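Here the protein sequences come in this chain order: A and B. Heads up: the first sequence runs through residues 16 to 424, numbered per the numbering used here. Heads up: the second sequence runs through residues 122 to 361, numbered per the numbering used here.
Hints were generated in silico from the structure; no laboratory data involved. Any given hint could be a false lead.
Using 30 Å as the maximum straight-line C-alpha spacing, the simulated DSSO-like pairs for lysine-lysine come out as follows [claimed, not checked]:
1) B:Lys133 with A:Lys334
2) B:Lys300 with B:Lys224
3) A:Lys24 with A:Lys387
4) A:Lys91 with A:Lys124
5) A:Lys247 with A:Lys334
6) A:Lys24 with B:Lys133
7) B:Lys330 with A:Lys417
8) B:Lys330 with B:Lys224
9) A:Lys91 with A:Lys66
10) B:Lys300 with A:Lys247
11) B:Lys304 with B:Lys330
12) A:Lys66 with B:Lys304
13) A:Lys417 with B:Lys224
14) B:Lys300 with A:Lys334
15) A:Lys146 with A:Lys417
16) B:Lys330 with B:Lys300
17) A:Lys337 with B:Lys133
18) B:Lys300 with A:Lys24
19) B:Lys300 with A:Lys417
20) B:Lys304 with B:Lys133
21) B:Lys224 with A:Lys66
22) A:Lys247 with A:Lys387
23) A:Lys334 with B:Lys304
24) A:Lys124 with B:Lys221
25) A:Lys247 with A:Lys66
26) B:Lys330 with A:Lys24
27) A:Lys66 with A:Lys146
28) B:Lys330 with B:Lys221
29) A:Lys24 with A:Lys91
30) A:Lys247 with A:Lys24
31) B:Lys300 with A:Lys337
32) A:Lys387 with A:Lys337
33) A:Lys337 with A:Lys66
So, partial list: chain A residues that the calculated Cβ filter (under 10 Å) puts toward chain B [claimed, not checked]:
34) Val112
35) Arg185
36) Arg189
37) Ile191
38) Ile195
39) Arg215
40) Ile216
What you are looking at is a predicted structure, and each value in this text was computed from that prediction instead of being measured. Note that CB positions come from ideal geometry on N, CA and C, so glycine has one too.
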Amino acid sequence: MSIWFVITKKELLDAIRDRRALMALLLFPALGPFVIYFMFNTIVDIAEEAKDLTLPIVGAQYAPDLVDFLAQSGIKLAPVDATYPTPSNDHVAAPYVYPAHLLANIREKIADRTYDFVLLIPPDFTTRLGKSSSVNIELFHESSRATAQAKMSRVQQTISAWNQETASLRLMARGISPTIARPVSIERVDVASPQARAQRILGMIPFFIIVAAFVCGMGIAVDATAGERERKSLEPLLVNPIQRSSIVVGKWMAAATFSTLGLLLVMILNLFALNLVPLEQLGLSFSINLTEIIGILIITLPLAFFATALQLFVGIFAKSFKDAQAYLSVISMLPMAPLFYNIFNTEDRELWMSLVPMLGQHMLLADVVAGKNPPLFDFAVAALSVVLFSLVFIYGATLVFKRERIIFS
Amino acid sequence: MIEVNSLRKRFKQVHAVDGVSFSARDGAITGLLGHNGAGKSTSLRILYGLLTADSGSAVIDGVDVMREPQWAQENIGVMTDAHGLYPRLTAREHIEYFAKLRKLSTDTIVERTEQLIAQLAMEEIADRRAEGYSQGERMKVCLARSLIHNPQNIIMDEPTNGLDVMTTRSVRTILQQLKTQNKCILLSSHIMQEISALCDEVIVISEGKVLMQGSLDELLARTGESDLEEAFMTMTRASR
Numbered sequence: 016m017s018i019w020f021v022i023t024k025k026e027l028l029d030a031i032r033d034r035r036a037l038m039a040l041l042l043f044p045a046l047g048p049f050v051i052y053f054m055f056n057t058i059v060d061i062a063e064e065a066k067d068l069t070l071p072i073v074g075a076q077y078a079p080d081l082v083d084f085l086a087q088s089g090i091k092l093a094p095v096d097a098t099y100p101t102p103s104n105d106h107v108a109a110p111y112v113y114p115a116h117l118l119a120n121i122r123e124k125i126a127d128r129t130y131d132f133v134l135l136i137p138p139d140f141t142t143r144l145g146k147s148s149s150v151n152i153e154l155f156h157e158s159s160r161a162t163a164q165a166k167m168s169r170v171q172q173t174i175s176a177w178n179q180e181t182a183s184l185r186l187m188a189r190g191i192s193p194t195i196a197r198p199v200s201i202e203r204v205d206v207a208s209p210q211a212r213a214q215r216i217l218g219m220i221p222f223f224i225i226v227a228a229f230v231c232g233m234g235i236a237v238d239a240t241a242g243e244r245e246r247k248s249l250e251p252l253l254v255n256p257i258q259r260s261s262i263v264v265g266k267w268m269a270a271a272t273f274s275t276l277g278l279l280l281v282m283i284l285n286l287f288a289l290n291l292v293p294l295e296q297l298g299l300s301f302s303i304n305l306t307e308i309i310g311i312l313i314i315t316l317p318l319a320f321f322a323t324a325l326q327l328f329v330g331i332f333a334k335s336f337k338d339a340q341a342y343l344s345v346i347s348m349l350p351m352a353p354l355f356y357n358i359f360n361t362e363d364r365e366l367w368m369s370l371v372p373m374l375g376q377h378m379l380l381a382d383v384v385a386g387k388n389p390p391l392f393d394f395a396v397a398a399l400s401v402v403l404f405s406l407v408f409i410y411g412a413t414l415v416f417k418r419e420r421i422i423f424s
Numbered sequence: 122m123i124e125v126n127s128l129r130k131r132f133k134q135v136h137a138v139d140g141v142s143f144s145a146r147d148g149a150i151t152g153l154l155g156h157n158g159a160g161k162s163t164s165l166r167i168l169y170g171l172l173t174a175d176s177g178s179a180v181i182d183g184v185d186v187m188r189e190p191q192w193a194q195e196n197i198g199v200m201t202d203a204h205g206l207y208p209r210l211t212a213r214e215h216i217e218y219f220a221k222l223r224k225l226s227t228d229t230i231v232e233r234t235e236q237l238i239a240q241l242a243m244e245e246i247a248d249r250r251a252e253g254y255s256q257g258e259r260m261k262v263c264l265a266r267s268l269i270h271n272p273q274n275i276i277m278d279e280p281t282n283g284l285d286v287m288t289t290r291s292v293r294t295i296l297q298q299l300k301t302q303n304k305c306i307l308l309s310s311h312i313m314q315e316i317s318a319l320c321d322e323v324i325v326i327s328e329g330k331v332l333m334q335g336s337l338d339e340l341l342a343r344t345g346e347s348d349l350e351e352a353f354m355t356m357t358r359a360s361r
């Protein structure tokens, strides 16, 4: 049995008995899929609810035309029982004043979440319209209720449409073309469709996978370097007739094993979460087949070795767990760099990007998640770069391990 | 057999070891006596290959440690002054880990482990995790794992430091046993009683220099004192 393997086995045994390291391994990979699952469900819910819209309305009987129009647009109406005095016809000049108890009642109903919003129609609606004047209808809502936003804007759009139609009819009745009053008409194209939002969430998956590579092996990497120094077990270990490189490689392989397990777990849990989300309802088809899974694994696997090599190299300089955690928490932020770079940069991929560890992998993963085939050349370049960086870190760690000052302080 | 010739080691401005020479023969317990910071640990660390001397030589059984560090480490058993254990491993796992690092055969590992556990009366802690061991229990594990390969030369840095009377006595018994097996035992201590109770040969070291080497009686005769402590004080005073 090779010496490095003896060390790997010991470090793994040690880590499996370490609740802290196990927690990091198990909890972090579960976090990403959890977030993705909930974000997706929220989007689906919002999209679903806007489609299936019920509008609580007070005084529906006063505006039969508008009510018909709303119903034809697919909005279900829920008349709210409320009686208020009808003004006499000669009061048309002043806007109608609702009784205070009615308004208070509506506010209360919105506050206690019976309704998200309520449409209020005054009794003089038809009278005023008949005189070609303007009517105030009121839409009570609670703007902090995010889930109701989509519904609200649909109600507003429908009422505006009715507004324009009525205005056009009035103009035509006077022999004027409706276009005179509408020099410009705006056609709105909503880019933030549920699909686009869903796509953006799918884009988070590569990020979670890369972070998992860093988080899951960190426990072992810290324990095997700063931990050995802190509990003063390094000197007795080094007294054995073994190469320092065997020690570093043994520890590296143990940490990389945990990191790899973390990657696998993230993958499995993400697939599981995506299976639970009703993607078809958003018109999205996310079918991932075995080749794509293997592809993602091949792309990310070198990162498990890269992340842990970097952590070992940094961990050796730390005298205690506390130091190591301070150093490594900075390093754990690194996977975010490619994400931000990709957010602010939409230009085409260039060679140097593939050479940057993690940025290269991130782009490849984004391709796979988007259903594209990543170019083989870029894959090879990115993998080679990460492997080279890892070896440099491991070589550096071996050199540092030979320093007298590191052993005896 | 351990021989050290004009060893020098400097850390920045401090001469930790400044021309140290001594020897330790087989079948004897040799004690390195000196107060804290006298250069005991530095000398031993050079011997077991974790420090490189600036000049001089350290020879184990005729082989230069600095030329053949691997060979030297194979032929010595070392108990360092750091007694760190892995809190989640049992005593047996600690001993077996070091045995595997030394590439012993599985049969030898099982046999030697059992033997050492019995010898050091560790049956009770053998399969308990190191978390919560007493100082004495920790020392026993350290001792056992440094002796697992049955080395000819044994180097110990302050082996009884901080031990209770019972454990100290059992460590002494083991060292006496090893001596009868014709092993070469070199230990350091700053405790006079320890040295006078255990050692056949004493090396007095102060400020990186060897003041005297000889048997206890020789040291007393040369200084004209009646006990080791007085002899030690006389020597260190004379060197200043």
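Hints versus structure:
1. Using a Cα cut-off of 30 Å, the hinted pair lysine 133 of chain B and lysine 334 of chain A holds, with the two alpha carbons roughly 21 Å apart.
2. Restraint check for lysine 300 of chain B and lysine 224 of chain B: the C-alpha separation of about 25 Å stays at or below 30 Å, so the hint holds.
3. Distance restraint check for lysine 24 of chain A and lysine 387 of chain A: the Cα-Cα separation of roughly 39 Å exceeds the 30 Å cut-off, and the hinted pair is therefore not satisfied.
4. With a CA separation close to 19 Å, the supplied pair lysine 91 of chain A and lysine 124 of chain A stays within the 30 Å bound.
5. Pair hint lysine 247 of chain A plus lysine 334 of chain A holds up; C-alpha atoms about 10 Å apart against a cutoff of 30 Å.
6. Simply put, lysine 24 of chain A and lysine 133 of chain B have alpha-carbon atoms about 39 Å apart, too far for the 30 Å limit, and the pair is violated.
7. Using a Cα cut-off of 30 Å, the hinted pair lysine 330 of chain B and lysine 417 of chain A holds, with the two alpha carbons roughly 27 Å apart.
8. Restraint check: the Cα-Cα separation between lysine 330 of chain B and lysine 224 of chain B comes to about 38 Å, which exceeds 30 Å; the hinted pair is violated.
9. Our distance criterion of 30 Å between C-alpha atoms is met by lysine 91 of chain A and lysine 66 of chain A, whose separation comes to about 10 Å.
10. At most 30 Å may separate the alpha-carbon atoms for a hinted pair to count; lysine 300 of chain B and lysine 247 of chain A meet this at roughly 29 Å.
11. With a C-alpha separation of about 26 Å, the suggested pair lysine 304 of chain B and lysine 330 of chain B falls inside the 30 Å cut-off, and the hint holds.
12. As the CA atoms of lysine 66 of chain A and lysine 304 of chain B are separated by approximately 89 Å, the hinted pair breaks the 30 Å bound.
13. Distance restraint check for lysine 417 of chain A and lysine 224 of chain B: the Cα-Cα separation of roughly 22 Å lies within the 30 Å cut-off, and the hinted pair is therefore satisfied.
14. Note on lysine 300 of chain B and lysine 334 of chain A: the hinted pairing is violated, with a Cα-Cα distance of about 38 Å set against a maximum of 30 Å.
15. About 95 Å separates the Cα atoms of lysine 146 of chain A and lysine 417 of chain A, which puts this hinted pair outside 30 Å; it is violated.
16. Proximity of lysine 330 of chain B to lysine 300 of chain B is assessed by CA-CA distance (about 27 Å); at most 30 Å being required, the pair is judged to hold.
17. Of the pairs offered as hints, the one joining lysine 337 of chain A and lysine 133 of chain B holds, with about 28 Å between alpha carbons and a cut-off of 30 Å not exceeded.
18. Of the supplied pair hints, the one linking lysine 300 of chain B and lysine 24 of chain A is violated, its CA atoms being roughly 36 Å apart against a limit of 30 Å.
19. The hinted pair formed by lysine 300 of chain B and lysine 417 of chain A fails the criterion: a straight-line CA distance of about 34 Å is larger than 30 Å.
20. The straight-line distance between the Cα atoms of lysine 304 of chain B and lysine 133 of chain B is roughly 36 Å, outside the 30 Å bound, and the hint therefore fails.
21. Distance check on the hinted pair: lysine 224 of chain B and lysine 66 of chain A sit about 71 Å apart at the alpha-carbon level, beyond 30 Å; violated.
22. At most 30 Å may separate the alpha-carbon atoms for a hinted pair to count; lysine 247 of chain A and lysine 387 of chain A exceed this at roughly 51 Å.
23. Annotation: proposed proximity of lysine 334 of chain A to lysine 304 of chain B is violated, straight-line Cα distance about 36 Å (limit 30 Å).
24. Straight-line distance between C-alpha atoms of lysine 124 of chain A and lysine 221 of chain B comes to about 75 Å, which puts the hinted pair past the 30 Å bound.
25. At most 30 Å may separate the alpha-carbon atoms for a hinted pair to count; lysine 247 of chain A and lysine 66 of chain A exceed this at roughly 65 Å.
26. A threshold of 30 Å between alpha carbons decides the hint, and for lysine 330 of chain B with lysine 24 of chain A the separation of about 44 Å lies outside it, so the pair is violated.
27. A hinted pair counts as satisfied when its Cα atoms are at most 30 Å apart, and lysine 66 of chain A with lysine 146 of chain A does not qualify at roughly 35 Å.
28. For the suggested pair lysine 330 of chain B and lysine 221 of chain B, the alpha carbons sit about 38 Å apart, so the restraint of at most 30 Å is broken.
29. Pair hint lysine 24 of chain A plus lysine 91 of chain A does not hold up; C-alpha atoms about 66 Å apart against a cutoff of 30 Å.
30. The suggested pairing of lysine 247 of chain A with lysine 24 of chain A holds, with an alpha-carbon distance near 20 Å, which does not exceed 30 Å.
31. Of the supplied pair hints, the one linking lysine 300 of chain B and lysine 337 of chain A is violated, its CA atoms being roughly 44 Å apart against a limit of 30 Å.
32. Under the criterion of a C-alpha separation no larger than 30 Å, the hint pairing lysine 387 of chain A with lysine 337 of chain A is inconsistent with the structure, at around 43 Å.
33. In summary, the hint linking lysine 337 of chain A to lysine 66 of chain A is not supported, as the alpha carbons are separated by about 53 Å, beyond the 30 Å threshold.
34. This hint is violated: valine 112 of chain A has a C-beta 77 Å from the nearest C-beta of chain B, more than the 10 Å allowed.
35. The restraint placing arginine 185 of chain A at the interface with chain B is violated, with a minimum CB-CB distance near 84 Å, outside the 10 Å limit.
36. The closest approach between the C-beta of arginine 189 of chain A and any C-beta of chain B is roughly 90 Å, which is over the 10 Å cut-off, so the hint fails.
37. Taking 10 Å as the C-beta contact cut-off toward chain B, the hint placing isoleucine 191 of chain A at the interface is violated, the least distance being around 88 Å.
38. For isoleucine 195 of chain A, the suggested interface contact is broken, since its CB lies about 84 Å from the closest CB of chain B, more than 10 Å.
39. At its closest, the beta carbon of arginine 215 of chain A sits 43 Å from a beta carbon of chain B; the interface hint therefore is violated under the 10 Å criterion.
40. Because the closest C-beta pair between isoleucine 216 of chain A and chain B is about 39 Å apart, greater than 10 Å, the hint is violated.
Of the numbered hints listed earlier, those contradicted by the structure are 3, 6, 8, 12, 14, 15, 18, 19, 20, 21, 22, 23, 24, 25, 26, 27, 28, 29, 31, 32, 33, 34, 35, 36, 37, 38, 39 and 40.
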